[in-house]
Amino acid sequence: MGELSSHLFVFLLAAFLGVEVIKRVSHMLHTPLMSLTNAISAISVIVAIELAGQGHSTLGTVLGTIAVATAMTNVVGGFLITERMLKMFKKREVKR
Amino acid sequence: MNYASLFLAEVAVPTTQAVVHAARGDAIQNSFTLTCFLFACACFVLSLKWLSAPATARKGNHIGAIGMLAAVVGAMLSAEVIEYQWIIVGMVVGAGAGIPMAILMPMTHVPQRTALSHAFGALAAALVGTAHYYIEFSTPETRPYIMAILAAEVLLGALTFTGSLMAFGKLQELLPTRPMTYKGQNIVNVTVLTLAVACGVCLSIWPDQTWIFPILIILALAFGVMLILPIGGGDMPTVIALLNSYAGLSASLMGFVLNNKLLIVAGALDGASGLILSIIMCKAMNRSFTNVLFGAFGQVQQAAVQGEKKPVKSTTPEEAAQIMDVANKVIIIPGYGMAVSQAQHKVRELYDHLTRRGVDVRFAIHPVAGRMPGHMNVLLAEAEIPYDKLSEMDDINGDFAQADVALVIGANDVVNPAARHDKSSPIYGMPIINADLAKTVFAIKRSMNPGFAGIDNELYTADQTLMLFGDAKAVVGAIAKELSEID
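Residue numbers (the numbering used here), protein chains in the order written: chain A, 1 to 96; chain U, 97 to 583.
Calculated directly from the structure, the hints in this document are not laboratory data.
Note that the structure is predicted; figures quoted are calculated from it, not measured.
Keep in mind that the hints are not guaranteed to be accurate.
No farther apart than 25 Å at their CA atoms in a straight line, the calculated lysine-lysine pairs in the PhoX-like style are these [claimed, not checked]:
id : chain 1 : residue 1 : chain 2 : residue 2
1  : U       : Lys519    : U       : Lys406
2  : U       : Lys535    : A       : Lys23
3  : U       : Lys145    : U       : Lys379
4  : U       : Lys406    : A       : Lys90
Listed next, the stretches of chain A that the computed footprint assigns to chain U, with coverage defined by at least 3 CB atoms under 8 Å from CB atoms of chain U [to be verified]:
id : segment
5  : 7-15
6  : 24-36
From the three backbone atoms N, C-alpha and C, an ideal C-beta is built for every residue, glycine too.
Chain A on its own, in the form it takes in the complex:
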């Protein structure tokens, strides 16, 4: 149970930190916020990698490989699309 309580501490702190930080995000950036958090939530890619590379269970390798692929789609796609969106937010006219 010691492990569980230390995990709960981490979870609670991270959740409160997340709430405080994200509350400050400007409303106009809510769509990029969503695509960025989406990319970050694809952090499950790290356990998928360990699963796909553990090499002693076929089930683990198969499911792990699919999971690496789907999570990787989010990681790459999420950061790229966020970049594309954020590039468009300009304060003043660009003189052309």
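Starting from the known structure of chain A, fit chain U onto it as the hints suggest.
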């Protein structure tokens, strides 16, 4: 997977020299991995912090990507990983799908892509949870709380997967966007969810009863579909935010099961973000949060049939251009209709013509305008409209009394004055944009069909309102053209 035990292995198993060396090698390797994960944690928090303002937002995105890279490198070099071919295959396939999707996708499709990526993320979480159940947790020794968390993780992952796919289908209009309801829907939904939870409870008591696990997954997948069926297009911003939160929560729970604090932190950040966004959306629609959590909010009561119908006055783009030409202050209220007809670039032309004439043009953005939080801002930014011209509802609502023209482009319920005074209206109490206070209101609309809430909009029949019927892109383009010819 369990780093603490690998560190301990050095002390606890002093058998042969070789074992000690191997264990020490693993420990060094894994402390490198841990360092990477710790670094990634810090990056993610900074990333969200910097995203708070447009000026630092890109820096935030970059540091997030760096954190993710560190995490991936750390995972690749962990002692758990002994073969690389399948990881590479997965990564190539994933990047091969993700890169073109991110680069080629038009901005109007952002809500669909977001829904789809929630589905992908949730699928990954569910698959990893499933594999770990069969590999290491399907023994009687598994502690009940571990199994309970694992079951919750797989349940959330699976329901978010199908739920997000359904949301994608509705946004892409592969499925009907109208709420799909039937009698007793709530009872059926609650029953399915209860059964799924019951499976989870049984599994935590008897983790070795592997036959229960597939049932849990099937029930969760079914529940995801049923949860989204009754939800209409206008409720999508809340639902997408909620699914975002679920996807994060499921990653976090996986961290509990696999002793991985980076997963717990990143998942919690994502969960918090989704939660805040859905609360903001709820407030903007005057719905309670519990209402959303139980998915009952798609059910739209039919509004009472109104006795007398006031006549609707319509006008031409030519006349609208003449009135805007002599205006001092124009406020544009974009809605989902602008996204559907991809009118943002024409809106930009209109904005240019008006500002060149010295007209003060502002945009009023309702929090739930469009199909996801911030949808309108992204589209207008794509059309290179400076973001300081975009105002949130509360900041600009006081300005409408001084506005000569309010131009409503494909928005409906968010400008319906009934929300203010008509207690019988389904949207009563929802904060709205005060378009009706402007001297003249132009409303661009395809037809007189009511919006998603299925109610009449009294703004359209108000004395100062002139309707412009037609496709938003065509009408705005016509107004801009007329303006250019007035010179």
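Results for each hint:
1. U:Lys519 with U:Lys406: holds, 20 Å
2. U:Lys535 with A:Lys23: Distance ~35 Å between Lys535 of chain U and Lys23 of chain A Cα, so the pair is violated.
3. U:Lys145 with U:Lys379: holds, 23 Å
4. U:Lys406 with A:Lys90: violated, 43 Å
5. 7-15: That given contact holds, which follows from 5 residues of the segment 7-15 of chain A lying within Cβ reach (below 8 Å) of chain U.
6. 24-36: Satisfied; 13 residues make the cut.
Violation of the numbered hints given earlier is confined to hints 2, 4; the remaining hints are satisfied by the structure.
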